[in-house]
Amino acid sequence: MNTRFHAVVKALGQHIMGKQEQIKLAITCLIANGHLLIEDLPGMGKTTLSHGLAKAFGLDFSRIQFTSDLLPADMLGVNIFDSHKHEFSFKPGPIFNQLVLADEINRASPKTQSALLEAMEEHQVSVDGTTYTLPHPFFVIGTQNPGYQSGTYPLPESQLDRFLMRISLGYPNWEAEKAMLQTGGNRLPFAMNEVISTTDLLKYQQEVNHVHCSDDVISYILRLVTRSREDGIYPNPLSPRASKALLQSAKAWAYLHERDFVVPEDVQAVFVAVAEHRLRSERDAPYEQKVLSERLLESVDPIAA
Amino acid sequence: MTAGRLPIAGHAASLCIAIFISLLALSLFAPLMLWVVILTFCTLFVRISLYLGWYQHTPTQQTINLLAILSSLALAWFSIDLGLLLSMVNLLVVACSLKLITLSKRKDFLQLFACGLFLIGCGFIFQQGIASALFYFATLLFLFFALISFFTPQLSWQKRIKAISFQLLQAFPIAVILFLILPHIGPLWKMPTSQMTKTGLAEKVTPGDIASLSQSDELVFHATFEGSVPSRRERYWRALTLEAFDGKSWEISPHRELLRQSNQRSGQLFVANTDIRRYNYQVIAEPSGRSWLYAIDIAVPTTRSDRNQIWYSRDYQLIAKRPLKSKRAYNVISFPATTLPSPNFAMESRLNLIVPERGNERTRKWVTSLRKMHPDNQQFVDAVLIYFSQQPFIYTLSPPAMRNDFADTFLFEEQAGFCSHYASAMAYVLRLAGIPARVVTGYQGGELLKNNVVSVYQYDAHAWVEAMVDGAGWTRFDPTAVVAPSRIDAGLRNALNSSGELEQYTIFSGFGQSGLVKDISLMFTNLNYLWSRWVLGFDNRQQQNLFTAILGQLTPLKMSILILGSLLTISGLLALYFLPRWNKTSIDPITRYYLIATKAVSASVGLHRYQTPPMSFFEQVVGVLPHDAARHFDNITQIFVSHKYSARDIDEQNYKRDLIRMRHTVKALQRSLRKYGVDLSVPRRGNVIF
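Protein chains in written order, with numbering that gives the first Met the number 0: chain A, 0 to 304; chain B, 0 to 689.
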């Protein structure tokens with residue numbers, strides 16, 4: 000793996016212990032220029048991870064705590080009348096940052112949710128007819144509690160699709176939690192240095208696009224999505240946006256591992272994170288999510304035959 | 000699924016095939032022994048409990064072996080009685096049932112599937128009607144369903160049914176075309192003779208016998224006429240000519256039988272002199288287990304194959320070379336004649352004058368006195384018939400028992416009976432009077448199913464008399480017609496109606512009713528007739544008719560063009576359908592070599608690749624491979640990855656070079672694996688730099 004990325008993983012690993020794989024996926028998502036959804040129970044380190052990512056890449060960070068009474072204007076910003084200049088001036092909301100943590104996204108009302116998702120897709124927001132461009136890079140980490148918790152508005156399938164990946168941190172293992180407690184269980188001031196500069200990040204995002212993907216790998220991706228459409232067991236088959244996301248993530252994963260071409264291993268590595276939230280609707284039991292994507296993965300041979 | 004072991008609980012395909020085998024065992028209930036059916040249902044129970052998870056394990060191999068030994072002993076014991084065919088069918092079902100218990104591998108399932116197809120074929124040995132054809136078609140669908148459930152357990156059942164229907168729809172026209180155009184060659188092997196129950200007329204007729212047949216409404220045959228249908232009065236279907244009389248029963252003369260055999264051996268065909276007026280028809284006979292066939296006199300088999308298969312005897316019987324074990328169609332031309340020429344007058348008259356020396360004294364006296372009054376043969380016969388019509392004879396299906404001196408009792412005391420009584424008595428009387436006479440059994444009349452189709456049932460069974468009145472030949476006399484004209488003119492039902500016996504015979508109770516029941520039963524008869532005529536009876540002759548209809552005048556060239564042309568068209572269409580798929584699955588040489596290498600590696604390491612990509616698979620196996628094998632496999636994986644996934648451009652020359660390298664490396668890998676083949680079970684670790 001690229002030494003600089005390795006340093007990021009190592010630095011983040013000091014704060015979130017025993018979750019190397021998820022950290023790597025989060026970085027992959029970042030350099031693939033996609034948004035990340037973290038789904039977990041409260042207190043698993045979702046906020047820590049996003050905060051750490053912002054610091055490691057030197058990104059402006061803001062956090063929006065989603066609640067049921069949060070309005071789109073609270074997030075996007077408002078026009079305020081300036082009594083000195085006798086005109087309205089735009090006061091940008093917290094979304095005008097490079098890395099936005101949308102915490103507990105499924106607690107907000109659908110109206111606010113769609114305002115955020117629109118901003119994610121368009122990289123710009125419109126307030127009172129004026130369009131304001133969001134900063135570059137723009138990266139949203141949404142976190143959500145499992146859908147069955149009370150007081151939540153599950154994201155519709157069409158909006159889940161906007162997140163490139165969904166990961167889930169899960170409980171740490173015995174060793175990791177023990178180490179965490181030994182270093183001091185209380186919340187220390189978050190001290191982390193910038194490891195990769197924002198300009199470098201933009202450069203990496205460009206380079207990911209130049210990773211070579213052979214016909215064999217593309218046909219593997221196609222076979223995966225086609226299988227999800229032809230077999231009757233997947234309630235939500237994978238869309239063309241999903242296959243695009245799969246290719247982009249696989250490229251980023253290969254880039255992260257210093258390869259200039261994609262191998263089927265890359266597709267398999269990102270597959271569960273990319274496909275799991277698209278295959279099954281939000282209304283199904285969340286802890287069965289992995290079963291479907293893994294089953295799909297097991298039913299297709301990467302070597303054409 | 001490719002690994003071989005099947006899941007035990009909840010495996011739908013195993014349950015499906017178990018249900019299928021039990022269904023087939025039920026349909027073969029008659030040929031199977033009861034304990035075999037019970038065994039099959041026990042295995043079904045075992046499969047159901049495994050499916051539901053009541054048990055977690057299949058019974059042990061020892062249990063199955065014990066069961067197998069016991070059942071083969073039992074089969075061997077019973078096979079003496081059963082005959083070869085039935086014991087083989089029993090053996091097959093027993094084997095399937097036992098396999099069903101142990102069913103745990105992919106191979107087992109496929110074996111059971113093949114055996115299931117064979118069992119369906121066995122079913123058709125015993126039943127060929129349209130109902131059983133539909134039943135077996137349904138079981139076939141179910142078997143396919145089991146197969147598709149086995150290979151695609153993740154599909155919903157609707158999708159599976161859709162897939163089966165789609166493929167069957169594709170297969171159906173091909174099957175029809177092949178059925179129509181392929182030459183119908185005879186079977187390549189003979190079916191071992193089974194001891195089938197025989198139905199219908201018997202070789203031996205004792206007065207009173209045919210009454211039991213009259214109570215059966217089983218179909219005997221359908222006859223389809225080309226052109227006009229003879230009137231009911233003319234429809235005397237001869238089956239047997241009975242010439243030996245022992246005072247009580249009539250049977251086929253042993254002398255006649257010997258004569259027939261010697262003629263058959265020497266191939267002396269009998270050609271009857273025939274008239275011009277004729278009826279052309281096809282008979283589809285139901286299986287009877289007997290070899291005689293039915294036809295209106297004077298009958299001649301039409302086609303060459305019929306002439307080879309049917310012996311036309313000198314007493315005007317049609318005898319099939321093999322007993323009717325299944326439905327059989329044959330084509331006949333009949334030349335109706337009042338007198339059947341006698342092929343050997345001296346011998347036949349001698350044979351047909353034999354009567355027991357004693358008994359029936361009263362009849363003898365009566366005949367002697369009657370003969371004095373009518374020295375002319377024709378007048379004597381007329382006098383006998385007049386006697387039958389003037390005396391109060393009754394036509395009844397339940398006559399009193401007449402044990403001793405049948406003729407005396409019947410003619411002078413009881414005067415009640417049916418066709419076999421009248422025919423037997425009259426032939427006896429004629430013989431006493433010195434007129435050669437014999438009894439003929441067969442069927443009379445038959446229902447008109449359609450304009451040109453006559454169906455004849457067992458209750459149409461009849462017996463009549465043939466006598467040689469002058470030297471010319473045999474003339475038919477039917478005393479029953481004198482006593483009960485309605486039997487001949489309108490059938491048994493009306494005859495019984497006029498004698499007031501109709502209510503006793505339940506087979507007719509629903510017969511004359513109008514309404515839905517009659518319509519449905521008529522429709523079913525019609526359907527069965529069509530099935531017999533067009534599907535089961537589709538033989539070379541009908542095939543030729545079809546070809547003639549399509550091509551006009553038939554020439555060998557045209558026929559071969561038609562057959563070859565259709566075969567080529569079918570295979571061409573199939574190729575069009577399958578070739579793209581073959582192309583799609585055909586793989587390039589590099590992948591092929593790589594797959595050969597992985598196969599060799601997983602075989603020796605015992606670790607299947609499944610859906611693992613190349614590099615990860617290499618990491619999985621590198622620790623347990625011997626050093627040089629690991630090195631070779633590393634090279635192979637690298638060539639494969641660089642060809643398949645890497646960004647570099649590969650020109651023709653490099654490709655060829657890599658291909659050669661790949662081939663050599665695969666060979667080297669196989670060699671080194673073979674060398675270490677013995678101790679591969681011990682994992683080796685660590686001496687490979689990765």
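Simulated from the structure, these hints should not be mistaken for lab results. Be careful, since some hints might not be right.
Stated by the list, open to error - Pulled a few chain B residues facing chain A out of the computed Cβ check, cut under 10 Å:
| no. | residue |
| --- | --- |
| 1 | F149 |
| 2 | I586 |
| 3 | S615 |
What the hints assert, rightly or not - Calculated Cβ distances over 12 Å to all of chain B for the following chain A residues:
| no. | residue |
| --- | --- |
| 4 | G57 |
| 5 | G150 |
| 6 | N172 |
| 7 | R294 |
| 8 | D300 |
| 9 | P301 |
Keep in mind it's a predicted model, so treat the numbers as computed, not measured. In this text, a Cβ means the ideal position worked out from N, Cα and C, and glycines have one as well.
Verification of the hints:
1. F149: This interface hint is violated because 16 Å lies over the 10 Å limit.
2. I586: holds (6 Å)
3. S615: The hint holds - S615 (chain B) has a Cβ within 10 Å of chain A, the shortest such distance being about 5 Å.
4. G57: holds (31 Å)
5. G150: For G150 (chain A), whose nearest Cβ neighbour in chain B is about 36 Å away, the distance exceeds 12 Å, so it holds.
6. N172: holds (23 Å)
7. R294: With a cut-off of 12 Å, R294 (chain A) comes too close to chain B, as the shortest Cβ separation is near 8 Å.
8. D300: D300 (chain A) not clear of chain B: closest Cβ-Cβ about 5 Å, inside 12 Å.
9. P301: At about 5 Å from chain B, P301 (chain A) fails to clear the 12 Å cut-off, so the statement is violated.
Violated hints, in rising order: 1, 7, 8 and 9; the structure is consistent with all others.
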